[in-house]
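S.K.: Take a look at the letters that make up each chain.
There are 2 protein chains.
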Amino acid sequence: MTTAEQDVSGAGSQPLSPDEVRLINAWWRAANYLSVGQVYLLANPLLREPLTPAHVKPRLLGHWGTTPGLNFIYAHLNWVIKRDHANVLYIAGPGHGAPGVVASTWLEGTYSELYPEISQDEAGMCRLFRQFSFPGGIPSHASPDTPGSIHEGGELGYSLSHAFGAVFDNPDLVAACVVGDGEAETGPLATAWHGNKFLNPAHDGAVLPFLHLNGYKIANPTVLARIPHAELEALLRGYGYAPIFVEGDEPMAMHQKMAAALDAAFASIRAIQQKARTGGGTAERPVWPMIVLRSPKGWSGPKTVDGKQTEGSWRSHQVPFTMEKPEHLGLLEAWLRSYVPEELFDAAGRLRPEIAALAPVGDKRMSANPHANGGALMRPLKLPDFRDYAVAVQQPGGANAEATRISGGFLRDVMEKNAANRNFRVFGPDETASNRLQDLFEVTSRAWDAEILASDDHLSPDGRVMEILSEHTCQGWLEGYLLTGRHGFFSCYEAFIHIVDSMFNQHAKWLKTSKEVAWRRPIASLNYLLTSHVWRQDHNGFSHQDPGFVDHVVNKKAEIVRVYFPPDANTLLYVTDHCLRSWNRINVIVAGKQPSPQWLTMDEAIKHCATGIGIWEWASNDRGAEPDVVMACCGDVPTLETLAAVDLLRQYLPDLKVRLVNVVDLMSLQPKTEHPHGLSDADFDELFTRGKPVIFAYHGYPWLIHRLAYKRANHENMHVRGFKEEGSTTTPFDMVVRNELDRFHLVADVVDRVPGLGAAAAYVKQAMRDRLTEHYHYVREHGADMPMVANWRWPGAE
Amino acid sequence: MTTAEQDVSGAGSQPLSPDEVRLINAWWRAANYLSVGQVYLLANPLLREPLTPAHVKPRLLGHWGTTPGLNFIYAHLNWVIKRDHANVLYIAGPGHGAPGVVASTWLEGTYSELYPEISQDEAGMCRLFRQFSFPGGIPSHASPDTPGSIHEGGELGYSLSHAFGAVFDNPDLVAACVVGDGEAETGPLATAWHGNKFLNPAHDGAVLPFLHLNGYKIANPTVLARIPHAELEALLRGYGYAPIFVEGDEPMAMHQKMAAALDAAFASIRAIQQKARTGGGTAERPVWPMIVLRSPKGWSGPKTVDGKQTEGSWRSHQVPFTMEKPEHLGLLEAWLRSYVPEELFDAAGRLRPEIAALAPVGDKRMSANPHANGGALMRPLKLPDFRDYAVAVQQPGGANAEATRISGGFLRDVMEKNAANRNFRVFGPDETASNRLQDLFEVTSRAWDAEILASDDHLSPDGRVMEILSEHTCQGWLEGYLLTGRHGFFSCYEAFIHIVDSMFNQHAKWLKTSKEVAWRRPIASLNYLLTSHVWRQDHNGFSHQDPGFVDHVVNKKAEIVRVYFPPDANTLLYVTDHCLRSWNRINVIVAGKQPSPQWLTMDEAIKHCATGIGIWEWASNDRGAEPDVVMACCGDVPTLETLAAVDLLRQYLPDLKVRLVNVVDLMSLQPKTEHPHGLSDADFDELFTRGKPVIFAYHGYPWLIHRLAYKRANHENMHVRGFKEEGSTTTPFDMVVRNELDRFHLVADVVDRVPGLGAAAAYVKQAMRDRLTEHYHYVREHGADMPMVANWRWPGAE
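Chains as they are written, first to last, in the numbering used here: chain Y, 1 to 798; chain G, 1 to 798.
Calculated directly from the structure, the hints in this document are not laboratory data. Careful, some of the hints might be misleading.
Same chains, same names: a pair is fine if it fits in one copy or spans any two.
As the list claims (entries may be wrong) - Below, simulated EDC-like cross-link-like pairs (lysine to aspartate or glutamate); rule was C-alpha separation at most 20 Å, straight line:
1) Lys-512 to Glu-451
2) Lys-382 to Asp-456
3) Lys-303 to Glu-716
4) Lys-515 to Glu-726
5) Lys-512 to Glu-740
6) Lys-303 to Asp-457
7) Lys-692 to Glu-716
8) Lys-607 to Asp-169
Please take these sequences and the hints and turn them into a complete structure.
M.R.: Now the structure itself:
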């Protein structure tokens with residue numbers, strides 16, 4: 001029997017004195033009162049005069065249903081924190097219940113410290129009410145401006161993975177994570193429970209989940225509230241938790257039950273951690289406690305409205321009633337007065353001292369927990385000199401390397417240099433080795449606290465490589481880790497990063513809004529390495545081919561997003577180093593893992609990447625004059641094909657003046673007015689000319705280049721090749737042929753667009769057609785690429 | 001005790017005779033042999049001569065690890081199907097195991113029937129081997145060209161929701177769904193287990209999940225394989241299943257165990273269905289059986305390679321060994337010969353008759369199950385005349401309606417007219433009523449087979465509205481339902497449809513490839529209604545504001561995707577009807593649910609939507625001449641703001657010739673060469689002129705319009721307004737102001753771009769600034785929009 005299970009038996013006890021129950025209940029009433037006030041009131045916050053329509057907001061917005069449960073848990077956590085000096089972060093999965101979260105932070109004083117105009121008095125209370133869901137005020141969900149929050153809760157599903165991310169490497173921290181029963185139906189949440197198999201009780205903190213069964217979503221019951229008790233308990237035990245049930249609707253009894261449950265849960269957490277930290281070891285994964293709170297939706301709200309059940313019903317989900325019927329004014333006043341505000345607040349509108357004394361003080365307040373403003377705790381990573389990992393490149397194409405493997409060596413040493421600080425982890429869905437970052441395993445392991453066999457490869461409870469076959473969980477863990485002031489790196493198959501499109505959206509929105517909140521400190525950037533990319537899905541084919549994440553990313557605010565396409569290992573090293581030094585951004589790096597020719601020495605790579613875009617003189621023969629054609633490329637495979645096309649052009653059309661432009665920093669294509677990395681029009685025209693044909697080979701969907709460059713002078717002459725959803729399980733070169741991104745098509749594109757080539761044009765086009773025919777025959781005969789294609793070298797390369 | 005649990009006790013029995021075991025094992029060996037052959041061999045398929053390097057493929061691709069388990073289950077299902085005349089669809093979650101799936105379909109003869117060149121003889125076997133993962137051949141995953149498959153399995157997580165979707169309204173069908181233990185870690189799969197709360201044993205078929213614990217992913221153990229047995233069993237019971245465990249690695253014993261497990265499972269399914277279908281009723285949700293198969297990864301493959309464990313290890317995940325070492329040739333030959341092919345195939349290369357006799361015949365073969373080529377079963381929907389639901393519009397803006405509520409009336413009658421056919425369902429994450437489609441509940445309910453309380457609203461085991469708070473599950477159910485020949489409609493909050501971006505990708509890819517497979521019949525389109533859109537998130541704010549799904553959609557093949565922005569209720573009716581009649585497409589409809597002015601009579605709506613784009617003469621004053629400015633709009637809110645801007649222009653600049661162009665069919669903006677709905681350049685120029693300013697108010701991210709229209713003659717004069725990630729919980733009009741899409745900004749845009757306005761320009765711009773200032777003050781003072789804005793009417797409208 002686990003510690004948590006032993007303690008559950010104490011749940012029938014009465015751990016609180018009558019006076020303690022009274023005080024905790026008073027706090028809860030105060031928080032509920034303030035919550036209702038935020039939803040409904042514009043004025044008369046303490047009901048000093050009878051309520052009139054003028055006191056009520058013209059537009060009633062907000063979510064009441066989940067709020068009293070959030071307030072109930074918050075009040076009880078405060079009790080435990082104060083008594084036990086616990087270090088607790090509050091994560092409200094139902095962030096819709098912002099009125100409750102905000103109310104508690106105001107009661108604790110944090111809100112007024114950060115926003116002095118929302119003072120702890122009647123005037124401040126009035127402003128607190130007015131600002132909620134009000135133009136120019138605060139939004140309706142917990143958001144970056146909410147003290148103590150790292151979780152918006154607007155899009156449901158991510159609270160529990162955020163909680164695990166927050167406690168990794170924070171041994172003293174407890175993330176109290178409220179999971180709504182609506183949220184519990186989402187896939188990301190359903191798998192996030194398994195975070196306990198990746199948590200090390202010796203060096204990580206604890207997650208204390210509260211499954212809040214209030215029974216209803218917007219208009220429906222919830223699945224977990226409508227399965228038999230035994231089935232629910234089996235499910236939670238199956239997830240590896242020891243659930244403690246707190247069920248009912250009578251507040252006084254519920255206070256005792258919740259206090260007992262929390263006592264049991266915190267005791268269990270302490271016992272587990274103590275055992276793991278005193279040599280008890282990690283032989284067996286502990287069964288962590290969790291709490292199931294089953295309480296009415298809209299608890300303490302109106303029982304019925306217009307004769308229909310409201311408390312304990314989905315009708316409490318948002319605003320339980322509007323003001324369209326005059327009699328609702330009385331209903332609202334009676335509801336508000338049911339909390340007896342005059343008992344809770346003094347004449348000045350301050351929370352009465354004996355109630356206020358329930359809250360912890362200073363940083364122990366959940367609303368002031370330093371981990372919730374993680375940037376303030378963030379220590380920059382110690383980074384080795386990335387130049388030390390350079391691939392020696394005697395001449396362009398004169399070396400071969402797997403780009404991600406090289407950067408894996410760099411990441412290994414980043415991991416090692418920061419091991420003592422325990423503030424860097426690498427995340428990925430079972431793909432770290434597949435993505436050639438396996439050097440990391442020289443200095444750390446995969447985190448794993450489930451069963452380990454002798455035959456296993458680098459598994460350890462103390463591992464710092466986080467692998468679970470859930471992109472959602474990887475992303476959620478990483479977000480939680482970053483938001484609490486640490487650093488991370490996420491490597492993923494390019495196609496499947498779309499699985500977290502929506503999580504990316506929410507993180508980008510969080511960052512954008514955070515920058516507008518004065519007290520939030522910058523956090524480390526979220527760094528994606530997208531590899532196993534569209535052009536090299538040799539094992540997988542069409543289902544694994546999608547380069548569209550970048551299209552999705554660039555819709556977000558320019559100050560937040562960066563996209564890099566390093567064409568070889570040395571440029572990837574530069575970009576990786578750069579991203580790890582940055583903050584408050586989302587960096588997307590797209591790079592291949594397959595053996596490929598290397599183009600730039602480290603010095604050249606630094607120069608090239610610092611600008612983000614540039615002419616490769618060694619591949620150009622325009623010698624500073626206006627070229628006949630610009631061959632632009634972005635991405636490792638397009639760069640290879642473009643260079644091979646330039647080689648062909650030299651053979652077939654030696655007099656043609658060709659300029660090669662390589663793009664590392666995709667945002668350089670946008671106008672400077674649109675993105676801080678955008679080139680000025682003058683610089684852009686200098687590179688791309690104002691009237692010559694540009695053949696642009698791009699890694700992803702070709703339209704993105706047009707979307708970025710449509711304002712440029714020479715845009716109408718830009719012809720872009722890229723992925724157009726053609727492909728299957730085939731050879732690497734056949735993939736580019738199917739999408740017409742190969743060297744032969746590129747040469748044909750040049751010939752089609754450069755005027756004045758005369759008879760040579762037809763000759764070269766026929767030659768390219770012949771080469772393609774040769775390819776078609778060869779690949780279907782041999783199932784492999786023609787040697788002269790597969791082994792092509794840049795002229796002069798060894 | 002449930003039926004399944006009772007039967008489990010029989011799992012220790014020996015249901016098969018020795019001869020039956022021998023034959024089933026022979027089938028399994030044959031399927032395994034063919035699987036290895038597909039991965040490795042180019043020639044010498046029956047090993048008639050000693051293996052040489054020339055017989056081996058130059059590029060070795062494929063996934064062996066999961067394959068023997070898939071083959072094992074397939075062989076045993078055949079046994080049951082044949083004996084019991086069962087109707088079984090096979091869904092291989094690990095579609096990576098295509099060599100196995102394809103092998104079984106070849107053994108059954110279906111493959112050769114559909115692809116005669118892959119005949120059931122030595123030559124056909126040789127072509128079968130050669131084509132796998134070979135250029136011009138078949139891809140490495142189960143794919144549309146795989147007989148019997150509705151599930152690619154390339155991207156993991158969706159097998160179980162596909163299985164539930166397939167059996168809804170197919171009472172005789174059993175979907176045997178193999179869930180890999182890697183896939184089981186994904187969020188979508190983790191919540192898909194709850195499909196059993198939405199399954200009606202009386203009218204739906206059964207899902208029989210096989211959780212296949214082979215223990216490893218690419219390089220890692222799996223979570224579910226490394227938790228204690230009791231925990232795993234609790235988890236599965238918590239999900240509502242009675243698990244039957246089949247565990248081991250000794251084939252003969254395993255055959256008996258699997259046969260006993262299947263006997264128990266099918267008996268349990270029959271008992272549950274019989275009870276529900278003979279008046280035993282649905283008072284209690286049944287506990288459905290499932291099977292846990294714990295077997296070695298790469299079972300029957302090489303035990304070790306180069307001294308390292310391979311069978312039962314992640315090293316079996318893909319190709320267990322390459323041919324780089326000469327000694328591996330012998331390893332391969334020994335492995336292949338271990339199946340004793342000469343016992344399995346006759347001299348001609350045909351499966352020996354006594355083994356072939358194990359397979360069911362005709363449509364009972366899983367590879368020939370008609371449900372897997374659902375288009376062949378599809379009956380068109382009976383549709384009422386959408387014109388009967390028209391909102392009466394006496395003059396533009398002269399009526400007010402909630403567009404989605406109107407189309408909800410139409411959908412209600414679609415539901416009713418097809419009730420007897422049981423081939424139409426509506427899907428959505430708890431938002432059907434919120435999205436104003438509640439008229440559906442006049443004729444059906446929400447599907448719900450968990451506990452029902454008297455106070456519940458329209459819940460029934462027989463409901464046809466599918467609501468679970470998981471966009472993944474809704475999408476997976478709908479895909480499974482469509483792929484088996486039925487019809488559906490998915491309504492979703494616009495922002496959160498991004499949650500299924502990646503599932504959309506895979507379905508679009510499936511449709512694209514299906515069209516290239518001659519024997520696949522077209523299936524009904526996947527229809528999305530995106531509402532509760534970016535401009536009207538009054539209750540929710542920034543986290544709920546994202547119109548970017550359309551950007552994602554348009555990257556897919558033009559013949560697959562359609563995007564519609566009906567500006568009012570009558571156009572939405574037309575578009576909804578149109579989408580429900582279409583096939584093999586993904587239709588995205590974006591429409592608002594809030595009360596809004598109505599612009600077009602039904603006759604006008606039909607004419608407008610049939611073209612997809614057009615001039616609204618009544619809002620234009622260019623009278624057929626070249627206008628001074630084109631005001632284009634796409635989306636309901638942009639249309640409203642554009643009309644209000646036109647109204648202002650008439651007041652301030654009555655001599656200005658304004659043309660209003662409204663876009664319903666977004667793809668009309670693309671060139672005809674890029675999309676079948678694209679306008680010809682001549683038609684485009686006719687609408688947008690070749691040189692006049694175009695002020696384009698678009699619903700989503702403005703860049704998308706540029707990406708679609710960049711090739712058009714007048715593109716450089718197009719100025720697009722749209723959503724630029726500004727917003728919060730605020731008023732509807734303040735939202736458009738923050739994004740500069742409002743009437744005042746649009747008028748200012750006109751003034752900035754139309755030349756020759758002289759002093760009027762400055763005057764009008766100042767007037768617009770004043771109106772904006774007035775707005776800012778009003779909204780911050782009152783928390784609501786200025787009455788003259790909120791109540792604006794088109795001139796002449798009542």
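S.K.: With reference to the structure, classify each hint as holding or not holding.
M.R.: These are the hints, each one checked on the structure:
1. Lys-512 to Glu-451: Intra 41 Å, inter 43 Å, cutoff 20 Å: neither.
2. Lys-382 to Asp-456: So Lys-382 and Asp-456 fail the 20 Å test inside a copy (31 Å) and across (58 Å) alike.
3. Lys-303 to Glu-716: neither (66 Å within a copy, 61 Å between copies)
4. Lys-515 to Glu-726: between (41 Å within a copy, 13 Å between copies)
5. Lys-512 to Glu-740: between (38 Å within a copy, 18 Å between copies)
6. Lys-303 to Asp-457: Between copies, since 18 Å is at most 20 Å while 58 Å is not.
7. Lys-692 to Glu-716: both (10 Å within a copy, 18 Å between copies)
8. Lys-607 to Asp-169: neither (37 Å within a copy, 63 Å between copies)
When held up to the earlier numbered hints, the structure conflicts with 1, 2, 3, 8 and fits the remainder.
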